[in-house]
Amino acid sequence: MKGGFRVDRPGVLTLLQDAGRFGYHRLGLTTGGPADPLAFNWANRLCGNDPGMTALEVTIGGLQLECRAATIFALCGADMPLTINGQPKESWRSHRVKSGDRVVLGYAHRGMRAYLAVADGFNISATFGSTATVIREGVGGLSGNPLQAGDRLPCADISDRQCLSLGRGYRPVYGGRVILRVVSGYQSTLIANDQQQRFFASEYRLLSQSDRMASRLAGPPIDIDIPDLLSEGICLGAIQIPPDGLPIILMHDRQTIGGYPKLGSVISLDMSQLTQLKPGGLVSFKSVTMAEARRIRLAADRMYRQLKPEVCD
Amino acid sequence: MKVVPASENALIIYFDQVVSADTSARVRQATAVLETALVDVLIDLVPSYASLLVIFDLSRIDAATFEQQITELLDVAPTASDSVGKLVELPVYYSMESGPDLAEISRAKKVSVEEVIALHQSREYLVYAIGFAPGFAYLGEVDSRIVMPRLDTPRTSVPRGSVGIAGRQTAVYPADSPGGWNLIGLCPERMFDPLSEPGMPIRVGDRVRFFSISRETFLARGGRLA
Chain A
1 MKGGFRVDRP GVLTLLQDAG RFGYHRLGLT TGGPADPLAF NWANRLCGND PGMTALEVTI
61 GGLQLECRAA TIFALCGADM PLTINGQPKE SWRSHRVKSG DRVVLGYAHR GMRAYLAVAD
121 GFNISATFGS TATVIREGVG GLSGNPLQAG DRLPCADISD RQCLSLGRGY RPVYGGRVIL
181 RVVSGYQSTL IANDQQQRFF ASEYRLLSQS DRMASRLAGP PIDIDIPDLL SEGICLGAIQ
241 IPPDGLPIIL MHDRQTIGGY PKLGSVISLD MSQLTQLKPG GLVSFKSVTM AEARRIRLAA
301 DRMYRQLKPE VCD
Chain B
1 MKVVPASENA LIIYFDQVVS ADTSARVRQA TAVLETALVD VLIDLVPSYA SLLVIFDLSR
61 IDAATFEQQI TELLDVAPTA SDSVGKLVEL PVYYSMESGP DLAEISRAKK VSVEEVIALH
121 QSREYLVYAI GFAPGFAYLG EVDSRIVMPR LDTPRTSVPR GSVGIAGRQT AVYPADSPGG
181 WNLIGLCPER MFDPLSEPGM PIRVGDRVRF FSISRETFLA RGGRLA
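Listed in order, the protein sequences are those of chains A and B.
Okay, so the first sequence: first residue is 1 according to the working numbering, each after it adds one.
Okay, so the second sequence: first residue is 1 according to the working numbering, each after it adds one.
Quick caveat, the hints were computed from the structure, so don't treat them as lab data.
If you're wondering where the values come from, they're calculated on a predicted model, not measured in any experiment.
Some hints could be false.
Unchecked claim - Derived Cβ-Cβ restraints for the label pairs, each shown as a range:
| no. | chain 1 | residue 1 | chain 2 | residue 2 | range |
| --- | --- | --- | --- | --- | --- |
| 1 | B | 122 | A | 223 | 37 to 45 Å |
| 2 | B | 68 | A | 223 | 30 to 38 Å |
| 3 | A | 88 | B | 167 | 52 to 60 Å |
| 4 | B | 209 | A | 295 | 51 to 59 Å |
| 5 | B | 84 | A | 171 | 52 to 60 Å |
| 6 | A | 192 | B | 76 | 34 to 42 Å |
| 7 | A | 307 | B | 198 | 39 to 47 Å |
Note that the Cβ used here is the ideal one computed from N, Cα and C, for glycine as well.
So here's chain B without its partners, still in its complex pose (with noise of 0.2 Å):
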């Protein structure tokens, strides 16, 4: 663990430098004891795959202070336990016509549609990290048989409830925006809600399953196709 500057009233902490349930779990440890300890100090706190940014309070406490406290508590917190947090299963329609990069994934991966949509549902994901846009949840990892880079150029355009990969990355577009993700199916759930806290079904730590459903089920539960 390695206690660096960012900012004249951040701090990030880094647990490890590469991604690993275990590394995710400590951040969501040092997460839920900061935030129960520094609660008159703190002003947000960010956990991301290996490392969790905090920002306090620079009227009440200097950034020296601050570190030695961040790091005495951590010392004392237990070891992160295998806590899991809970399974979360999201709906997709799979097809050509939702997964616009399902048959680019097939070619380059030499695999069949059907199993790289097969291989997307065999496992249960964790939730890294939350950001980039509200909702937005980082989920690993994919099956290395359907790992993909990021196309070369983003699209100006992704609809809302896409579910993409990039590298050993997966996830569901919250909203529409640009998005340089491999798209291989639609969504129908509600990811963010701007008008209802807590406007997102799932935490980090959570697990997410993915599971096939049929074109009609995706239009009755409120889906749209472009």
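This is chain A alone, in the form it adopts within the complex (with noise of 0.2 Å):
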């Protein structure tokens, strides 16, 4: 094999993703893409690439590649101890690897999702408008599945680009607990007030049968009483509530019509703090209004395009 990388060891999960698959939910396809899309964004632009460019999702860690290329790579999100030849390596940084170096992650202290691109990204052919690996739909990535051992990912060698760091001020930080915000939607209305505030003044704890497709929680049931619905689109973040009344949050790879009662959603930016929480994790909700759901939005988005990583090579 000439360029790219070779996988040696694919890890406990490690999937190709873009920023996902849209215009597609009419044929059932799911969005997929990075569950932390500000960790992913982060990865891509520490290697001088446009948005948006493919990179591995690895979850947990255990992940070892060979590079056959000249190029740089950078490591963000989970805490996942990093070496290049056995050297240890800083995360939230891009660096230079040549052919020949061993790239290898160990496995996740805090968070559980780590995002590795290249300069470029790796170059994978798109279907249906993406190169988002979906395994339980069998599109994207390499034949939809999750990468295996002798894999190979070719991408471009490129080696006028300068090193990039983020400050380590701006990086997250993933604990045990999150509060996630939520705005009011779909079935909210037709939610007894005494309910809404049972969901909102509980403590719930993610279950470790959550994975990309939807979190699950154990804690107080939310008891409603809604005749069947017709199944309808679910959104991103949308907050199922199934008949034993234990909230399941809906993630990337959700299936796209269901027919549970739904109260509200998880604001897009919370999203990424709920996909890095360990099963056993802490999990709150605290209620926002459209507007500010959009206000936290834009100027989460303003600070992503202010903050400059500094040069370090």
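Both chains are given apart, each in its own frame, so use the hints to dock them into the complex.
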């Protein structure tokens, strides 16, 4: 093989992802894309890439790659010990590598998912307009599969880029507790006030059955009495209340339509925090208005644009 | 018609609360109007039985303004025409071997197996929605004499091509998956091909009719038996 990277060990779950698949919900295709878009965007940006170029989403860790290209790569997101040829290296910055170098990721101390981007992205052909891997649908990535040992990840040889770093004070911190901001929506007006208060006053625990499709929670059940719904479109962050009353938050690989009642949705910015929470972590909710949700999103986007990474080699 | 927030960047339009061909036509009409008029701010649309989820770019427009635009666009849009989608005919190998729930439907509904099969083919179905999984088309409505509730315990694996009934709906499983529908046969046609766009032979609003094929024809058309 010439160029790119070779997968020596794929780790627990490593997926090729771009920004996601849009415009195909009508065929039943979900969006996919990075579970934590903030860390994914930084990984690309620290490689000098345009937004949304194909990178790796490494869940929990254990990935080992052999480099066959001269390029730079960056690792952002969960705190996974990174070494190049056995030498410890820092996350949230890009690193120069050459053919023969071995890149090894340990297991995450904090957070769940890290993003490994390379200069100009991995060169993978798109299916339905995107390289985002959705295993359940068999689309994206390499034939819809997670990375396997021996896979080849083509990318360009790029030697004229500077390495960049995000200042330590600006890096997200992943703890064992998240407060998710929620806008009311869908069937919320049909849910009794005392049950809504119960939802916003309670603390839930993230269950280990959570995945890229849904985050499942244990805690005080919400009692709702809504007659059967016709199946309807489900958006990112939607909070479903199934008959057992335990909230389910729909993530990037969610089914496109479903019939459980929903009381609203977690705002997009906070989905990044949720996706970095380890099973057993604590989740609580805070209500915000639609106008507040938009202000929060636009302020976060502005801050992202204004932050300037530092040149580090 | 009612527009309700779904998330910070999604609104859901409810046209009705019951399933009907007329409501389905209104959903399709609205989908066509909005995808043309709002192309600059739209991210995706999810039409379903009686609702349309509209996902938009929050950096370009706020929900209140967007809701107003949607209301205005749909107010002036012509009422749903009776335009119908194309007719798609799907072959099915109906048998005890390929339809493990035929016997139970026959017992529960007190109709013969032959009659269950005949009734399933007796109607033209409307594609009300596509979702749950890629290419999974919700077709309705089946004859009341073969309406069956979902299985109490879903199967952990239903083979690709399985034709099932759940309530008044029928569908072809586009891929191997878990499932709780009552299985009556197997269709050899691919309902979703992840490697070739557009990926599936039918769209929301199309009509589907099933016809019976033999075991030999099923196998000759590339069907697989477990």
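Against the structure, the hints come out as follows:
Distance hint check for residue 122 of chain B and residue 223 of chain A: the Cβ-Cβ separation is about 43 Å, which falls inside the suggested range of 37 to 45 Å. A hinted range of 30 to 38 Å holds for the C-beta pair residue 68 of chain B and residue 223 of chain A, which are about 35 Å apart. Against the hinted window of 52 to 60 Å, the Cβ-Cβ separation of residue 88 of chain A and residue 167 of chain B comes to about 58 Å, which satisfies the hint. The beta-carbon spacing between residue 209 of chain B and residue 295 of chain A, approximately 52 Å, falls within the hinted interval of 51 to 59 Å.
The supplied range of 52 to 60 Å is met by residue 84 of chain B and residue 171 of chain A, whose beta-carbon atoms lie about 56 Å from each other. In this structure the supplied range 34 to 42 Å holds for residue 192 of chain A paired with residue 76 of chain B, their Cβ-Cβ distance being about 38 Å. Distance hint check: the CB atoms of residue 307 of chain A and residue 198 of chain B are about 41 Å apart, consistent with the given range 39 to 47 Å.
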